[in-house]
Amino acid sequence: MLILAAVALRPALTGLLGHPAAANWATVFVAITIQAVPFLVLGVAVSASIATFVPPGAIARMLPRRPVLAVPTAAAAGVALPGCECGSVPIAARLVASGVTPAAALAFLLSAPAINPIVLVSTAVAFPGHPEMVLARLLASLLAAVAMGLLWIALGRDDLLTSVRSRTVPPGSKPSVFLATAQHDFLQAGGFLVIGAGAAATMQTVLPRRLVESIAQPGPLSVLVLAVLAVLLSLCSEADAFVAAGLKQFSLTARLAFLVVGPMVDLKLFALQSGTFGPRFAWRFSLATFAVAVAAASLVGWWLL
Amino acid sequence: MSEDARATTVLLVGALLVRLSIGGAYARYVRVGMGPWLLVAGLLLVALGLAGVIRALAAKRPAADPHGDHEHGERVGWLLLAPVLALLLVTPPALGSYGVDRNASVKVTAGDKTFDPLPAGRTAPMTLLEFDERAADHHGASMGSTPVRLTGFVARTNDNGGFRLARYQIACCAADAVAAVARVTGAIGDQPARDRWVTVTGTYRRSADGVPELQASSLTEIPPPADPYE
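Line by line, the protein sequences are chains A and B. Sequential numbering from 723 applies to the first sequence in my numbering. Sequential numbering from 59 applies to the second sequence in my numbering.
Any given hint might turn out to be false.
As the list claims (entries may be wrong) - In silico negatives: residues of chain B with every beta carbon more than 10 angstroms from chain A:
hint : residue
1    : THR67
2    : ALA140
3    : PRO177
4    : GLY247
5    : THR261
6    : GLN273
7    : ASP285
What the hints assert, rightly or not - For the chain B half of the interface with chain A, some residues (derived, Cβ under 8 angstroms), not all of them:
hint : residue
8    : LEU69
9    : LEU70
10   : ALA73
11   : TYR84
12   : ALA85
13   : LEU115
14   : PRO151
15   : GLY157
Rather than coming from a laboratory, the hints here were simulated on the basis of the structure. Ideal Cβ positions, reconstructed from N, Cα and C, are used throughout, including at glycine.
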């Protein structure tokens, strides 16, 4: 059945790829999917290991008991996860399921892709003349992650996360638990990653980047323009610094906003979050994170850059 | 998704990654340094999928779904077959001339970097990015009249008496590609067609419109290189 469909589809697809825009879309779509898979596998392996080997509640006990202190601790712990944003979504969901207070898990979700050593080093390499950019990225990302965690304590609705919190570890021997959770997490995150990659590839093909760059102008508008661009392009957080470095007609603060928003809110991340935590959560969370991240970048940029 | 469908999907994704990384086609989509990581991720997924298939076969009955209440959220896993199918059927090409004029190109400005003069007397092979950077540094003084060799694809024909040569820089994957561009004029015979790969040898020449220019003395069409990016 699958083979028959393949035989029938092949000439049509080959013909379609003869069109440069379609070929460009397909290449970007496949590229985003493929570069994310190793990070996803890392995230899924960590998540399945937590489900299998860490007793429920153990991680929650390692964090400070009071949520107000647990949030900054979890945000700072993001330093330890080398990778980009795709890997941290299944881990954060697993943390919530294993009893960590949601605000702390969300702070980790936001900070991990932005402040780990690989991302900071690539930022330093991309901005050779501006070492302060690395510090600004670290501080602004931490600030935004902690602010979102605290905001969740004040206003958050844990009922939006019930499906994740009630997720139980399936009964069985350790290998079968690992197998089942790893498969489940990979397929769920991977499927939504495909949706996000498709959306990002469409934006990249339809919307010429040159158009965006033509609206560079001093002032707050340029910060907003680059923040929106970061959402639409959905770059990997290990590569976005190189693209930001090339956007020379924008101010450093605007480019900082690009680097702070990108790992926290973008199309593929939104797809991943709505798949893992539910669309009602993802909408509210992404919009709030966008606002907080832009504010944090503007503040740190005004102070340091 | 049933247990065997889940395991088979994971197995297929893993097998495809292994095939891409061993066959070298992955270089069209991500930077070459990621090859080993793709291979490791692919092998892990193959192992995970195989273990699942074996378990499903051993159970011989539709095993109770361990995540019954998440069944709806799992149907999305089928979508992973989309890139698998696309790659098995057509293998999208490396990025070509389509994006060069639409997207950002490398912007180098005078004073970004300074270069020592090229050793005289022999042809210096260099990336298009370095050519652009050297051109921006004191109007290409470091190149002088030393011949340089560039490799790229034709991005635009009939451009002020020559053609545009381009090659993408990628930091992570094709989604973050930025093109370095130069114009080739001189002894180029019939202009090569768009998207054909060429190697040109020539000397730097200052151009009126700011696009770094290479006055070519020889030009060869070549097959697309294994790593299409710089």
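Right, here's what the structure says about each hint:
For B:THR67, the shortest C-beta to C-beta distance to chain A comes to about 6 angstroms, within the 10 angstroms cut-off, and the non-interface label is violated. A beta-carbon of chain A comes within 10 angstroms of the beta-carbon of B:ALA140; the shortest separation is about 6 angstroms. Every C-beta of chain A lies more than 10 angstroms from that of B:PRO177, the closest at about 25 angstroms, which supports listing it as non-interface. Separation of B:GLY247 from chain A is adequate, the least Cβ-Cβ distance of about 25 angstroms exceeding the 10 angstroms criterion.
At roughly 27 angstroms, the least C-beta separation between B:THR261 and chain A is larger than 10 angstroms, which holds for a residue marked as non-interface. Residue placement check: B:GLN273 keeps its beta carbon more than 10 angstroms from all beta carbons of chain A (closest about 28 angstroms). Non-interface call for B:ASP285 relative to chain A: holds, since the shortest CB-CB distance, roughly 14 angstroms, exceeds 10 angstroms. At a threshold of 8 angstroms, the smallest CB-CB gap from B:LEU69 to chain A is about 10 angstroms, leaving the interface hint violated.
Restraint check, B:LEU70 versus chain A: the minimum CB separation of about 10 angstroms is more than 8 angstroms; hint violated. Using the Cβ-Cβ criterion of 8 angstroms, the hint placing B:ALA73 at the interface with chain A is not satisfied: the shortest such distance is roughly 13 angstroms. Among the interface hints, the one on B:TYR84 holds; its C-beta lies about 7 angstroms from the nearest C-beta in chain A, closer than the 8 angstroms criterion. Checking B:ALA85 against chain A by beta carbon gives a least distance of about 11 angstroms; that is not within 8 angstroms, so the hint is violated.
The interface hint given for B:LEU115 is broken, as the beta carbon of that residue sits about 14 angstroms from the closest beta carbon of chain A, more than 8 angstroms. A hinted interface residue such as B:PRO151 counts as satisfied when its beta carbon comes closer than 8 angstroms to some beta carbon of chain A; here the least separation is about 6 angstroms, so the hint holds. Interface restraint check for B:GLY157: the shortest CB-CB distance to chain A comes to about 6 angstroms, inside 8 angstroms, so the restraint holds.
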